[in-house]
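Peer 1: Sequence:
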Amino acid sequence: MVEHVVAYRGICLSEAMEVVGNQKYLAAEERKFWNDIEIKAVFGSGVYLVSDYTVAAEYAYCHAEANNDKGSVIRQSLCLQNPLLLDGCFGEKEIRSLALAWKYPSGTIDEEAEEIASIGLSRWAGNIIREYVTKLGYDGIIYHIDDTLTYYIAYKPDEQISAVQLDFVYDIGDIQSCTFADLRNQYQAHTEETPVQE
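Under the numbering used here, think of the first position of the sequence shown as 79, with each following residue one higher.
Don't take every hint at face value.
To be verified - With a straight-line Cα cutoff of 16 Å, these simulated EDC-like cross-link-like pairs (lysine to aspartate or glutamate) come out:
1) K234 - E93
2) K181 - E209
3) K102 - E209
Unchecked claim - The following label-pair restraints were derived from C-beta to C-beta distances:
4) N145 - L227: 36 to 44 Å
5) Q266 - I194: 28 to 36 Å
6) Y182 - Q264: 46 to 54 Å
7) T212 - K171: 13 to 21 Å
8) A241 - D130: 14 to 22 Å
Source of the hints: derived by calculation from the structure; they are not laboratory data.
Beta carbons: idealized from backbone N, C-alpha and C, even for Gly.
Required output: the full structure, derived from the provided sequences and hints.
Peer 2: Structural data, given as structure tokens:
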């Protein structure tokens with residue numbers, strides 16, 4: 079089943095300009111910010127995108143605040159050739175259980191305790207999920223959370239993501255008085271008149 083969609087990602091403006099210029103993502107998904115906020119790649123390494131630009135804008139806020147930068151939402155075309163489909167009935171917990179059972183059929187993971195301690199449980203489990211999912215022939219994941227939100231994970235982003243562009247940029251101080259929809263409308267109304275200010 080080929081899935082072709084427009085999807086969004088929120089990052090800081092300086093990183094966004096690099097991504098748009100290169101037409102690819104260079105930084106890892108998993109990040110730990112100075113304010114103890116963490117973004118975890120629970121399905122392993124890949125590029126994580128969302129269907130809703132407002133959710134992407136919330137992620138952008140974390141990146142912008144941590145980097146003392148503006149927030150930016152990137153819009154791109156995503157084409158997954160054979161994605162694993164997850165939803166509320168069969169989601170993160172279920173795929174993790176299957177992946178761990180596949181990797182450790184005896185049920186014993188004691189020999190992995192040192193690796194788990196060094197890289198963290200979430201990253202360790204995410205690596206196993208990615209290994210399992212790709213071993214089954216899937217090139218990514220579509221995780222349908224509800225009717226308003228879907229997460230997309232691209233395991234081969236250089237082949238799967240194209241037409242990367244800024245959707246909107248905002249100053250994080252502006253969210254006190256505007257919604258993300260307002261900021262997006264203002265940005266898009268003025269894009270042709272005013273170049274992006276870094």
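Peer 1: With reference to the structure, classify each hint as holding or not holding.
Peer 2: Hint by hint, here is what the structure shows:
1. K234 - E93: Violated. K234 to E93 sits at ~20 Å, over the 16 Å cutoff.
2. K181 - E209: holds (9 Å)
3. K102 - E209: The hint is violated at about 22 Å.
4. N145 - L227: 36 to 44 Å: Given a distance of about 25 Å, which is not inside 36 to 44 Å, the answer is violated.
5. Q266 - I194: 28 to 36 Å: violated (45 Å)
6. Y182 - Q264: 46 to 54 Å: Check passed, 52 Å falls within 46 to 54 Å.
7. T212 - K171: 13 to 21 Å: Holds, since T212 and K171 (Cβ atoms, about 20 Å apart) stay within the stated range.
8. A241 - D130: 14 to 22 Å: At roughly 19 Å between Cβ atoms, D130 and A241 fall inside 14 to 22 Å, so the hint holds.
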